[in-house]
Amino acid sequence: MRLRLPARLNPGHLAPAHQTRRRDSLLTAAAGLGVAGLLWLAQEFAGGYVVHMLCVAAIYATLAASYNLINGVTGQFSLEPNAFVACGAYVTALLTLSPLEKEASFILEPLIWPLSVISIPLLPALVIAGLVTAFMAFLMGFPVFRVRGDYLAIVTLGFGEVIRVVANNAQSITNGPLGLKGITQLTNLWWAWGLLAVTLFVLVRLVHSSYGLAMMAIREDETAAEAMGINAFWHKMLAFTLSAFFEGVAGGLLAHLITTISPTLFTFFLTFNLLIMIVVGGLGSTTGAVLGAMLFTFGGEWLRVVEEPMTILGLHIPGIPGMRMVIFSLILVTFMIFARQGLLGRNEFSWRWLAAVFKPRRRP
Amino acid sequence: MSRPLLQVRGLTVRFGGLVAVDRLDLELHAGRLAGLIGPNGAGKTTVFNLLTGRVRPSAGQVLLDGRTIAGNGARLRPDRINKLGLARTFQNIRLFNQLSVLDNVLVGFHGRLRAGFVSAVLRLPGYCREEERNRARAEDLLRLVELDHLSQEKAENLAYGQQRLLEIARALATDPRLLLLDEPAAGMNPQESAALARLVSRLRDQMGLTILLIEHDMRFVMNLCEELTVLDHGAVIARGAPHQVQNHPQVIEAYLGVDQAAGEAGHA
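As given, the protein sequences belong to chains A and B, one line each in that order.
Per my numbering, the very first residue in the first sequence carries number 1; after that it's consecutive.
Per my numbering, the very first residue in the second sequence carries number 1001; after that it's consecutive.
Hints are computed from structural coordinates only; laboratory data are not their basis.
Yeah, the Cβ is synthetic: ideal placement off N, Cα and C, and Gly gets one too.
Mixed in with the good hints there might be a few duds.
With a straight-line cut-off of 20 angstroms between C-alpha atoms, the simulated SDA-like cross-links for lysine to any residue are [claimed, not checked]:
{"#": "1", "chain 1": "A", "residue 1": "LYS181", "chain 2": "A", "residue 2": "HIS52"}
{"#": "2", "chain 1": "B", "residue 1": "LYS1083", "chain 2": "A", "residue 2": "SER98"}
{"#": "3", "chain 1": "B", "residue 1": "LYS1154", "chain 2": "A", "residue 2": "TRP353"}
{"#": "4", "chain 1": "A", "residue 1": "LYS181", "chain 2": "A", "residue 2": "SER98"}
{"#": "5", "chain 1": "B", "residue 1": "LYS1154", "chain 2": "A", "residue 2": "ASP221"}
{"#": "6", "chain 1": "B", "residue 1": "LYS1083", "chain 2": "A", "residue 2": "ASN231"}
{"#": "7", "chain 1": "B", "residue 1": "LYS1154", "chain 2": "A", "residue 2": "GLU222"}
{"#": "8", "chain 1": "A", "residue 1": "LYS181", "chain 2": "A", "residue 2": "GLN171"}
{"#": "9", "chain 1": "B", "residue 1": "LYS1083", "chain 2": "B", "residue 2": "PHE1117"}
{"#": "10", "chain 1": "B", "residue 1": "LYS1083", "chain 2": "B", "residue 2": "LYS1154"}
{"#": "11", "chain 1": "B", "residue 1": "LYS1083", "chain 2": "B", "residue 2": "ARG1067"}
{"#": "12", "chain 1": "B", "residue 1": "LYS1083", "chain 2": "A", "residue 2": "GLU222"}
Simulated coverage check for chain B against chain A, where a stretch passes if three residues somewhere in it have a Cβ under 8 angstroms from a Cβ of chain A [unchecked claim]:
{"#": "13", "segment": "1041 to 1048"}
{"#": "14", "segment": "1167 to 1179"}
Full structure from sequences and hints, please.
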């Protein structure tokens, strides 16, 4: 006896991918234009606060989607993105700050030459930051991917801390605990959402290619993948450096959004938050990572309501600062009990799926 | 006579004090269908792990088409050995459970993909052609093992026997010259195992594969294989054609134990 699946969950009802490729690209382009239109409306009519939150959301979504490539798709549980974001943020800021601002900031020890005289536009600075971060990941990959599983998590966690400590102590490059101030606020909706679009384009294409398949095979069974001719080390390295590249660029945009960076910004908590986003969204799903990041960013703001003084059934409750973190934790616990696979599991959004949902069900 | 496709010379591996494989010699000519049998714990799967680079030998060497792939200073990774033309299936099925049946087979083609990852991301014509060709070949392989109607199903949802067939299809996707099958008929009913025997002969006769298989189902092995090597405690105790091996006193002893073998001989 075969289980009868509801029509819209049965993959047999989806049209084959190659038949709808043209329609799907058109729909994607249309959706992109739609989002761009909404962003324009937000920029014109919404307040600075909303625009700021939309930028943060896009940057977090970029970070979560890239982090998901190595943790979710390739299945290598690593805990270092805070290091990559820090690297990207510092490199970009050091490249774009004007020599005068640098001289004013570095009061304890002067910034080393040639960084002290360089000042370049944002775009090349971001690309360089991405490449530097990817190179750092590349070097890190050699020792790190000698181990798997829990050991990998611990080794990468260590690397994340090392970078933070370096940022704290390399006074003549990072300005130590004082951090970098006076970074021009260059990040706007177009930069943040543009980066998200580019990241998603690359990641989705990669995941749906033979390379993505090889990465998932490594996640499912590394021994079998190797026996089938897949070089597990280089595929992990590819996922790792690529996610580091995008995390570095996103870090650069983050620095140019909040205008002040210091080592305290890039602690393990950043990694931890990203981990929550990808787990809640559904580990291994790029759509889930983006959704998780959006929920996390806006949910945190919406939950501020619970910290306001309020009156319930005539009972007056004064505002309790920190209450939203309690509620947030409760939501997370509930999530992990009732939806361990996250919102989407490993499923991805696709136009074919959407079409199948809206198509009238055929009665057998 | 031409050079054997597979040459194993004095292959030995020790795990601590245990000698799991003891000075194994084995030769397999191209186009042969051979079996490796022996009681549980004889070291058969360890031999496969040695041939495919999962376990490194303590001594001896393995040559594939004259090239050293294990031992004697060669330290080839399993994926390199696979690319040289040696593919295997696993005794304890190791499919990519969350991937579809078709994707499981497609993974087998990835090792030989020529297009780089930039080409794959940008969907350049070179990559698209390769992808399309691999997809068509994967579908052919699924038809061969009669799983084409399940191509979109998750691998973990297949029945046990079907999973074994999918492992064979995935191994074939890597375009091997020598195929190692580790207990392919385990858990199959008589009909399934008869169909499998037909498939294995077809692979040899029509696709020109050289096949070495481990199997416990004696009827399966005796009907199918042309030559057998019997292992016990890591060492070869007999080799030859099935009927020769079948009546070899040491083989009977290894399978049934000394007393019982003697008792049965007495009854005969």
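Of the hints stated earlier, which fail here?
2, 10, 13
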